[in-house]
Amino acid sequence: MTQKRITKELQEVLATPPPGIKVNLVDESNVHNWNIIMDGPADSPYAGGKFQLLLVLPPEYPFKPPKINFKTRIYHPNVTFDEHGSMCIGILKSEAWKPSSRIPNVLTAIQQLLLEPVPDDALEQATAQKFKEDRKAYDKEAREMTKKYAK
Amino acid sequence: MEDEREVEMECIAAIFPEISFDPANPFSATIELPVHPTSSVKVVFPASADGLLPTPPRSTISGQEDESTTGPANNVESHNLSYLPSIQLRITLPEGYPEEKPANFELSTTPEWLSRPYLDELQNHGEQMWEEAGRSLVVYGYIDFLQQKAEEAFGFAEKGKILEIPQDYKISLLDYDIKATQAAFEKETFDCGVCLDPKKGSVCHRMIDCGHVFCVQCLQDFYNNAITEGDLATVRCLAPDCAKKRESASTKKSRKNKTLISPSELLQIPLEHEMVARYVKLKHKAELESDKNTIYCPRKWCQGAARSKKHRKPDGFEEAEDEEDSDIEDGKPEKFRAGKDLLAVCEDCSFAFCSRCYQGWHGEFFSCAPKTNTGELTEEDKASLEYMKLHTTPCPTCAAPAQKTHGCNHMICFKCNSHFCYLCSAWLSPTNPYKHYNEEKTSCYMRLWEREGGDGDDVGIGYDGGVRPVEIPPDPEEQQEEMAAAAAIEVLPDVPEIVEPDETDDPPVPRPELEREAPLVLRINQVAPRAPAAPDPPPAANVRRGAQHRQQPHNGRGNAVAGRGRGQWMPRRREPNARQQARDAHARGAAEQEEANQRWVQMFVQMALNDEEDQLDSDDEQDPAVWEIPVR
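From first to last, the protein sequence lines stand for chains A and B. Under UniProt numbering, residues 1 to 151 are what the first sequence spells out, in order. Under UniProt numbering, residues 1 to 632 are what the second sequence spells out, in order.
Calculated from the structure, these hints are not laboratory results. One or more of the hints may lead you astray.
Unchecked claim - Using 25 Å as the maximum straight-line C-alpha spacing, the simulated DSS-like pairs for lysine-lysine come out as follows:
id : chain 1 : residue 1 : chain 2 : residue 2
1  : B       : LYS313    : B       : LYS285
2  : B       : LYS200    : A       : LYS8
3  : B       : LYS199    : A       : LYS8
4  : B       : LYS199    : A       : LYS4
In this text the structure is predicted, and so the values were computed from the model without any measurement.
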């Protein structure tokens, strides 16, 4: 079931990718690891950047949630600014994950997070602080980081 | 000249292939017209008009009953029906039709849910149509007229209208509605949201409460898995946010159980009888365990819970009614409290015992002393304790132990919703839980993602792939070492040569002579060799069962367990050699913290052996069956 469902979702995403998102497999023989290229949303300081993410679907998928990390460094309150690029999003919490949630939902949730950071639930305190107190400086920093890393 | 009747009958047969002709008369045919109104019809079944009160067995159909009992006159309940029994139309075209004679239409219903006078009226309408059409072919037009009438349920589908049907027909009508609804469902095709395959309704199940449809195979797979793993909280609708929405929509406070799937629905899906029985049993257990007033049977082979009014033992698959709310509302709580009502009767073996001294019942006026020790732990309990010691962290608020299956170290307690740190069990502010990991002064600085693969031997599978350096799960070797270290602490004054634990895989050599000096240590020594021999940990079920006997670490010492077990974790990701260092740290720690650890070991074992925990314990509730879900 897992293989079949993943293949199906992959086919759908390849056929009609969500706007601003490109998907391909890390390794053609393994449908569990997806390579995602996400464009920085136009109305955000991430515009123009191309962010790489790694989506890992567990063997229990869709009974267990997928795991997703930014491979490209991103300056964002809700994503760790390190080589892991971890984030904390609701749809992927085990308790909130439902087997009928779909990968495009997950990807859209991340796009939404880029548009609207949630500083009160931040992983990077300093970034969150800046976002709240000096939005301009935050935007500037985010733009610079996007230029630097997300080319 | 061709008979017009023949032409018309041929036409009709082409349009309605289901029509059946009378073999004796080619100009006579019957057709069934289904009655499936566009909106459902409100129906009441008043007692029959002849004054007699027929009392057919009350319908037990669920889901059809409308709460409102504002039926006309005699306060009968009303039902909303989507399907009504079809109408039979018998068409006979006499000689001379259409020029001289009208077609003969006969209408009937089985049972007679439409009154005879009304059917006669409809029949007469056929003749009218014939006249109005200038005495021409009218059969198709009449059938079409009837179909339109049926669509609006002959006027009864209108809002505010109520169809009255004699009570005698109640059961057959309700039955018909259910069967027709089911038949229509089975013919439909649904895209199962889990396997994403289109499936026929006949292999699908519509969730009773919310109406979402999934295929039976997916539901079975998911719920069987959830119930087997004891993950009761996920036995809900599989649609995203479904349960949550209904939860927040419901005005009542009773949020918890309402969105869980009922045992009867699980059987309908269908799930195996045994699986549903396990679900009911686990639910009952979880209730008992979350109630600190629960007392357990002193018979070692039994250890069932004492009967309580609050959590009735489920009988069959009936959902045990939780009387908690009503008790409080009535203002006279009749909670069963150990020590107040001394007589306790085990719900499993019916043993009557005193809840104070845990002896057989001795009558109310016998003065007895509270029992302080129930004796030894079983092997299984010991193994559970060991496992919990190594792989769980208690919630700082309610002490429910949590085992992280994967993810970051920010936890939300399943039971009391406290936010806490998995590494040090510290309470975290719900508004800013990550601060704990971002401040250099805490011991958990920069350790939010430590042990992302989960804690324990049976977790985190599948989360290692390719994301980052694979987390090393706590291996038996390390466990064993920890135990060996514990042994070392205890015996250090007498046997200094084992201060440095062996780095090899060999289990520590059991030292029988220690038994005399330090029996408590020997217990640990006995368990230690088990670890490498059995790489799989005691299954979760065992852990729960052990916990059920109230031997799991409690609040204070639970923290001690976690602190000790986890404080020595090294940030492995940053140090490739961390594992080695962690081991060294174990050894060093063993020596350095000798005194503190010794105290801890004594306390831990003392508590574990102690059966008066509910009396020693604070008001903190305990619910060991609850496992934490990591927050991502």
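Structure-based check of all given hints:
1. LYS313(B) - LYS285(B): holds, 9 Å
2. LYS200(B) - LYS8(A): holds, 19 Å
3. LYS199(B) - LYS8(A): Measuring from Cα to Cα gives roughly 15 Å; hence the hint holds.
4. LYS199(B) - LYS4(A): At roughly 15 Å apart (the allowed maximum being 25 Å), LYS4(A) and LYS199(B) satisfy the hint.
Of the numbered hints given earlier, the model fails none.
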